[in-house]
Structure formats: structure tokens, C-alpha cells
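The listed protein sequences derive, respectively, from chains A and B.
Quick note: this note's numbering has the first sequence finishing at residue 157, numbered continuously throughout.
Quick note: this note's numbering has the second sequence finishing at residue 1126, numbered continuously throughout.
Derived from the structure by calculation, the hints contain no laboratory data.
Even glycine gets a Cβ: it sits at the ideal position worked out from N, Cα and C.
Computed beta-carbon distance windows for the label pairs:
#1 A/Ala148 / B/Pro1082: 41 to 49 Å
#2 B/Ala1108 / A/Asp35: 36 to 44 Å
#3 B/Ala1021 / A/Val145: 20 to 28 Å
#4 A/Ala134 / B/Ala1125: 55 to 63 Å
#5 B/Arg1119 / A/His97: 52 to 60 Å
#6 A/Glu71 / B/Ala1125: 47 to 55 Å
#7 A/Cys96 / B/Glu1024: 47 to 55 Å
#8 B/Glu1024 / A/Arg118: 27 to 35 Å
#9 A/Val145 / B/Ser1118: 27 to 35 Å
#10 A/Pro52 / B/Glu1083: 31 to 39 Å
#11 B/Lys1017 / A/Ala74: 41 to 49 Å
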Amino acid sequence: MSIKLFRIDDRLIHGQVVVGWGQPLHVGFIVLVDDAVRASPVEQELYRMGVPPHIDVIFASLAEAVAQLPEWDADPRPGIVLAGDIATLAALTENCHRVTRINVGGIHARPGRSERLRFVFLSDAEVEQLQRLAARGVEVTAQDVPTARPVPLAEFT
Amino acid sequence: MSNPLRGVIVSHAAVAKALIAAVENITGVSDAFVPVSNDGCDRDALFRMLAEAVGDSPAVLFIDLPGGSCLTGAVSYARGRPELAVVTGVNLAMLLDFVFHRDLAPLAAAQRAAAAGSRAIRTPAA
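Okay, chain B solo, but in the shape it has when bound (with noise of 0.2 Å):
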């Protein structure tokens, strides 16, 4: 059996890091996500970044905004390749999706966590 996908959630300040934590609070999982922040970092800094938390693995990159500096250093990052897949708007519905579908291939799991996310935005009734 291959290694699960790795989760790599790119964020602005420290977006990233807490939502891993709010993640392994609710599942227990500890290892399904690596944080990236954007803080600091120039295009070329943010590739250096992306590359060390993506390492060998096949991976979906989580971006928190559908524009601007980590989706932009993402989607050039993934570009031409097939082991990477890119969502943006990332919330924790999807990542708690995520953390049980990563026996997927990454285009998939990036597909289905994507659904999972936007199911999971509603306005209830107060």
C-alpha cells in the first residue's frame, strides 16, 4: 500500500498552523498536514518553502485565498505536476475530509475536499 497523500495548507500569517491544530484536536490525526505561511516570503522563498513541505510526496496543496501571493506561488509551484493538486478557499470541513480520503489520488481527494468545503458553508437560521 502507498504512503497516504500529504496535506500542505498554505496560508497567510498563521492560518496554516491553526487549523492543523483545530484538525488534530478533532481527529487525533497529527501527521496528515504541513503549514506554510506566506509571512516574509517572496515568490522564491515560498517556492523554497513549498518544496520542503512537499518533499517526495504526492500532496494537495491547501490555499487560503482564491488570489494572491500563495495561490499564485502554489499553482506555479504544481505546474506540470501530476503528484500535485490545488484547492483554494480552504476551511476545516474540507481538511476533515481530507485526513480520511488520502488513500485518493491527489486530483481527486482535491476534488472531493473541495466539495466537502463548500457543502459545509451555509447560512442558518439564527
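Just chain A, same shape as in the assembly (with noise of 0.2 Å):
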């Protein structure tokens, strides 16, 4: 399996995306599954800007990342697949059973959310959006850097 990682993280591509994960995973490629963000070249450009020439960045609305998944899998570089909330992994997820482990990398304080952990923070209705994951069989961890511990979705909702 070439993607290495399918992460949530509000903060979409930033330090611990490319350095953290990116320099021990060895990574080739780093998918950003978000709408936004694939409509908009400005925003694209600003975000290749934090990457390494030898990383490729690849935009992708959630429409395409259901269609090329098994394409970017097949990719003999490890990669990481991003996106910036939980409603677009989960989208995913359910068009694709290749999806078997979601990382929980930083979703930020708002209204209506509490600290569940550190770096995640959880309205009752993500959690319920994590939790129907899990009843899938999804594995869901957070963990923010590699060097941290994975904790299981059972402790921090």
C-alpha cells in the first residue's frame, strides 16, 4: 500500500505534515483532498510553497481523490492523503474500502467544540462522525507527530 497515511488536520499542509510525517515516512507525494482549496490556484500556490522540491503536491476536489485513490495507492512512493476535516475522510471512506486507518492530526478549538485532546478539539457531532467510522471498522488515532503516542479514539471522545 503506497499511501502511508490518511490524515485529518485543519492546518491542511504545514510543518508537521511535510517535516514530521513526511521526512520518516520517506513520502513522494502528499494528496489535499479539499474543494477549496482545488478551485483556487492562489491558495494551491501558497501551500506548495512549505513543500520540497522532491515532494509532489497533488489538489484534489473529494469527486476526483474517490476516483484516483487506487491510482495514487498503486504509486510506488509513499504518500499521505490530507484533508481538512472529518465529513470530507469520512466521504471517502465510504467510497473506498482502502481506507482502513485515519489519523486525527489537529482539529482546532471553534464554538461548540471542547479539548478532547491537546490538539483536538470535538463538537458531539464529530465525534459521533469519528465513532460511525470506527463501527466500520476504521481504526481512528490521534496523534500528531509520529514520535507521539497514537491514542485510540476511545480515550480522547
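Dock chain one against chain two, each of which comes alone in its own frame, and use the hints as you go.
Spelled out as C-alpha cells, the structure:
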């Protein structure tokens, strides 16, 4: 399997993803699944700025990700698939049985959310979304960087 | 005479605060910079903090890394606002230069600070 990490992170492509995970996983590509960024060349340029030239960055809409995931998964290079919210990765999971593990990497404070971990704030509805994923057999853990302990879903919901 | 430019340092963790402490220690100037940390922030929260830090003043936003959430947030915030300019790769040398050239227009001050910061990066023989 080429995709080494399916991650939810509302900061999208940033240091923890590119350096924290990208270095030890030796990633060759990062897929950002985000409809808004996919539609904005300016946003794409910004996100590319933080990525070294040897790592390809692919911007995909959710629909494109559903269609192209098998192709990315067959890529000989290790890769990361990233989304900014639970709903996007949940939809990807529903449409593709290749997603068996999800990393909750960073969901930050907003009105209606409460702190579950230092880097994970969730509303009750978001907790239910994650629990539904787990009920379908997807392993959900929270882990901001590879050196941290992966926290099982039951421990932070 | 117009008010001097404000510097806003946007960083991971407490880098911005530490840099401001160092500037004050070296120059005695204590009102040139405002720190913003991305700790615990998503993009909306970072926008709110930037708005608060910038206020109504023309400003230069100094960002720690040439990529990542601090930069993407700052560039998005500054887009369409000619009273703001952005510099990445902040270091102490560029901040020290900026402190004494806050009478420039934002873009000119940013370019000058970037040049000063670049000149400070060397590999002297030990």
C-alpha cells in the first residue's frame, strides 16, 4: 500500500505534515483533498511553498480523490492523503474500502467544540462522525507527530 | 509625521515572543513588534489574531517558515491590503534592521528587512 497516512488536519499542508511525518515516511507525494483549495490556484501556490521540490503535491476535490485513490495507492512512492475535516475523509472512506486507518492530526478550537486532546477539539456531532467510522471498521487514532503515542478513539471521545 | 510601521511576528510556539525579547534586549525598543503564535489555531482563529495584532496600522508581517500555516494564514490575510507586506524566514538580524527603518512604506521595509536577514546568514570559518 502506497498511502502511508490518511490524516485529518485543519491546517492542511504545514510543518507537522511535511517535516514531522514526511521525513520519516520518506513521502514522495502529498494529496490534499479540499474542494476549496482545488478551485483556487492562489491557495495552491501558497501550500506548495512549504513543500520541498522532491515531494509532489496533488490538489484534489473529493470527487477526484474518490476516483483517483486506487491510482495513488499503486504509486511506488509512499504518500500522504490529507483533508481538513472529518466529513471529507469520512466520505472518502465510504467510497473506498482502501481506507482502513485514519490519523486525527489536528482539529482546533471553534465555538461548539470542546477539548479532547491538546490538538483535538470536537463537537458532539464530530465525535459521532468518528465513532461511525470506527463502527465501520476504520481504526481511528489521534497523533499529531510520529514520535507521539497514537491515542485510540475511545480515549479521546 | 505618520506613525511608524508595526511589525507583527507570526510563528510556531513561542518563537515570536522570544525574538521580540531579544530585540528589546539589544535595542531598548519595546513597541515595534506584536507576537502572534499559531498554537491551537485553525485558520479562522489565526485570522482573528492577525486582525487584532495589525489593528489599523500599516504593518510588516514576519513569518517564521516559508511555508505552513503561519505563512498561508498571513498571506491570505494580507491579500488585497496594500498597507501590509509579508516576509518569511524571520531572523533577529532582519528585525533589528526593521526597528530602525519603520518610516518606510510596508513593501520597502519588508524588502529591506529581507535583504538584511539574508546577509546575516553565513558560514564563517571556525
